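Chains as they are written, first to last, in my numbering: chain P, 1 to 562; chain E, 1 to 170.
Hints listed in this document are in silico derivations from the structure and should not be mistaken for laboratory results. Because the structure is a prediction, the values reported are computed rather than measured. Do not rely on the hints blindly, as some may be mistaken.
Derived DSSO-like pairs (lysine-lysine); straight-line CA-CA distance at most 27 Å [stated by the list, open to error]:
id : chain 1 : residue 1 : chain 2 : residue 2
1  : E       : 129       : P       : 139
2  : E       : 62        : P       : 322
3  : P       : 180       : P       : 326
4  : P       : 180       : E       : 72
Calculated Cβ distances over 12 Å to all of chain P for the following chain E residues [what the hints assert, rightly or not]:
id : residue
5  : 34
6  : 55
7  : 59
8  : 65
9  : 81
10 : 91
11 : 109
12 : 111
13 : 113
14 : 116
15 : 127
16 : 140
17 : 141
18 : 150
Yeah, the Cβ is synthetic: ideal placement off N, Cα and C, and Gly gets one too.
Now for the letters of each chain:
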Amino acid sequence: MKGAEALLKALEREGVEVIFGHPGGAIMPTYDALYDSPLRHILVRHEQGGVHAATGYARASGRVGVVMATSGPGALNLVTGLADAMMDSTPVVAITGNVPRALIGTDAFQEADVTGVTMPITKHNYLVQDVNDLPRIVKEAFHIASTGRPGPVLIDIPKDVQLAEFTGELDAKLDLPGYKPTLKGHPKQIERALDALEKAERPVLMVGGGAQHAHAELLAFAEKTGLPVITTLMGLGAFPGNHPLWLGMPGMHGTVAANRAIHHADVILALGLRFDDRVTGKVSRFAPHAHTIIHVDIDPAEIGKVVRTHIPIVGDSRLVLKEMLKGAKPLRLAAWWRELEEWRTRYPLRIKPKPHLQSQEVIRAFHEATGGNAIVTTGVGQHQMFAAQFFPVTRPRSFLTSGGLGTMGVGLPFAIGAQIARPGELVLDFDGDGSFQMTLQELATVVKYKLPVKVVILNNGYLGMVRQWQDLFHARRYSEVYLADSNPDFARLAEAYGLKGVRVERKEDLRRGVEAVLNADGPVVAEFKVYHEEGVFPMIPAGGAAEDMIVEDPREKEEVGA
Amino acid sequence: MRHIISVLVQDHPRVLNRITGLFARRGFNLESLAVGTTHQPGLSRISLVVSGDDRTLEQVEKQLNRLIEVLKVTDHTEPHVERELCLVKVHVGGLEERLAVKDIQEAFRARVVDVAHKSLILELTGDSKKVDSFVEALRPYGILEVMRTGAVAMSRGERVLKLREKKEAV
Chain P
1 MKGAEALLKA LEREGVEVIF GHPGGAIMPT YDALYDSPLR HILVRHEQGG
51 VHAATGYARA SGRVGVVMAT SGPGALNLVT GLADAMMDST PVVAITGNVP
101 RALIGTDAFQ EADVTGVTMP ITKHNYLVQD VNDLPRIVKE AFHIASTGRP
151 GPVLIDIPKD VQLAEFTGEL DAKLDLPGYK PTLKGHPKQI ERALDALEKA
201 ERPVLMVGGG AQHAHAELLA FAEKTGLPVI TTLMGLGAFP GNHPLWLGMP
251 GMHGTVAANR AIHHADVILA LGLRFDDRVT GKVSRFAPHA HTIIHVDIDP
301 AEIGKVVRTH IPIVGDSRLV LKEMLKGAKP LRLAAWWREL EEWRTRYPLR
351 IKPKPHLQSQ EVIRAFHEAT GGNAIVTTGV GQHQMFAAQF FPVTRPRSFL
401 TSGGLGTMGV GLPFAIGAQI ARPGELVLDF DGDGSFQMTL QELATVVKYK
451 LPVKVVILNN GYLGMVRQWQ DLFHARRYSE VYLADSNPDF ARLAEAYGLK
501 GVRVERKEDL RRGVEAVLNA DGPVVAEFKV YHEEGVFPMI PAGGAAEDMI
551 VEDPREKEEV GA
Chain E
1 MRHIISVLVQ DHPRVLNRIT GLFARRGFNL ESLAVGTTHQ PGLSRISLVV
51 SGDDRTLEQV EKQLNRLIEV LKVTDHTEPH VERELCLVKV HVGGLEERLA
101 VKDIQEAFRA RVVDVAHKSL ILELTGDSKK VDSFVEALRP YGILEVMRTG
151 AVAMSRGERV LKLREKKEAV
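Put together the whole structure using the sequences plus the hints.
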């Protein structure tokens with residue numbers, strides 16, 4: 001058996017069913033072995049599409065996503081996707097070919113120091129030197145990727161190692177003496193946390209992406225205590241977006257209620273989140289009244305990294321919640337809820353009636369038509385924030401977006417991965433005209449595998465988020481953000497790829513357009529021409545605090561102090 | 001504040017790269033780094049001299065611990081022995097200078113490890129402050145080369161740097 005075959009067998013043993021990838025010279029022996037393997041391979045058109053698809057697959061399924069690429073350019077095309085998976089703690093295993101061992105370091109054709117390049121953007125990486133190490137390395141890679149704080153792991157395999165005769169054992173043991181994530185929270189700390197919550201007058205529960213797998217415990221805990229729940233962008237879906245305890249998303253484009261709740265809170269229970277600057281704003285002014293911040297995270301390095309933590313709990317959010325649930329009591333929060341309710345009803349997310357079609361209306365129309373029953377993926381930009389605001393998801397792993405890295409172009413490949421992970425479900429990609437054009441070649445993948453994803457492009461003819469910032473902070477000097485003069489006709493582009501294309505330009509055609517998308521049998525690319533100068537509000541300017549929140553477009557000014 | 005940190009690592013290829021990369025990437029200030037093998041095959045020990053406030057040091061430790069190949073990290077705040085090896089090649093013109101350098105050598109308990117017509121190589125071990133003073137004392141005579149290894153440290157008494165005991169099923 002060759003190394004390549006041993007590799008695929010080791011992948012099978014990890015329960016891998018699907019690999020996203022693109023072949024090339026240095027990974028050819030593995031593709032050759034794949035020819036006889038039961039593993040399903042999804043051929044993408046660009047390695048970046050492959051790694052994002054694997055990420056989407058992982059995020060939608062909770063399993064490890066696998067991507068494969070060749071050496072040099074192929075592997076380097078994974079870089080953005082690996083960084084994205086790293087920032088959003090997604091379990092991905094990337095397998096790359098490399099030049100034969102004898103050529104490593106000689107600047108050989110298609111050679112790059114991929115383990116060197118990916119060191120800061122992977123949880124761990126390997127350069128396989130001995131073919132017989134393959135089963136152990138594969139096992140370790142999957143273990144590292146999927147346990148503790150999940151993340152991407154890369155395995156770089158020289159071509160001659162793939163071709164070498166494998167004489168080892170497929171049964172391998174982990175050899176990771178330095179890797180032992182702490183899963184169970186410290187009982188004393190949990191007790192202190194419960195005590196702090198009980199004494200709190202204005203507590204809030206902030207939930208991040210690290211609690212997506214803890215949704216059942218989270219729901220039970222919130223309902224038992226009656227705590228108001230705030231979910232970050234990465235936490236959307238971890239708690240049902242239609243639940244009366246839910247206040248929405250915090251941070252730069254969060255709801256007034258969520259941001260005010262944090263601003264006035266005396267005790268904050270933060271669960272599986274890392275206090276990103278888009279959530280905290282200016283850290284010195286974040287949660288100024290909170291005398292106790294309880295931070296639960298599986299990664300000890302996250303605790304105290306950004307905000308001062310008074311009760312640190314290192315552990316898996318699900319196991320910690322399970323323990324907390326045992327001692328949780330209904331909290332007396334009637335007065336607090338009256339305030340929260342007031343903010344919530346006074347400042348809901350609004351769509352101001354305007355004569356032209358607006359992105360928010362399109363998203364809301366899809367939400368109504370589907371009853372929120374879809375897996376949503378997004379690109380990055382205004383449409384992403386609008387989707388987060390106007391498509392509240394109710395189930396975990398159903399809002400897939402690039403939170404930490406803010407990677408434009410993830411929408412379509414995320415949708416591909418999600419559709420493969422959850423084939424029976426409706427997958428909706430809300431994309432921007434700018435974002436979509438970063439990976440649109442993956443439409444070919446959609447066609448090839450007959451994936452019924454629905455791509456909804458909110459076309460405002462601009463790099464809308466940049467335009468919005470130029471509008472607010474650069475005296476409306478719209479430097480290099482105009483796309484409308486050179487955008488393709490997206491519906492015709494879809495047809496060129498062999499998918500159904502839909503175009504909606506007028507407000508009165510909105511409903512018909514939504515139906516055309518949802519009733520279509522297979523994949524659709526729908527272009528909704530939306531108002532070109534829309535802004536995302538509420539907004540806390542970068543480096544600002546909750547008090548600096550701008551609720552509406554300054555052109556129709558309303559500012560809200562916290 | 002200056003801290004000396006010992007790190008026990010698996011001696012895999014690139015492990016040093018991971019550590020120095022971590023310092024560069026997170027903006028931690030690394031003053032010196034010394035590496036060597038241990039009595040246990042497969043394990044190396046790294047001594048780092050780092051400066052920063054408590055919060056930075058806490059992050060340095062935590063981020064080092066995140067690396068898969070790092071087995072144990074200790075910030076030597078407890079009584080410990082700190083040593084650095086230094087070689088100095090110093091210019092000696094005449095007999096008078098040679099005698100003066102010899103006085104310094106004796107005062108610091110340094111050793112002469114190479115004698116040439118116009119130069120000497122002196123070897124000194126001691127903590128970094130002692131090495132600093134030694135180099136300063138020799139400076140007026142014309143230092144030709146200085147080579148310092150960076151500090152290494154070891155806790156006094158029974159305390160040892162070994163594999164993390166705590167085991168938890170994952």
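Find the hints from earlier in the document that the structure breaks and name them by number, from lowest to highest. Violated hints: 1, 6, 7 and 8; rest satisfied.
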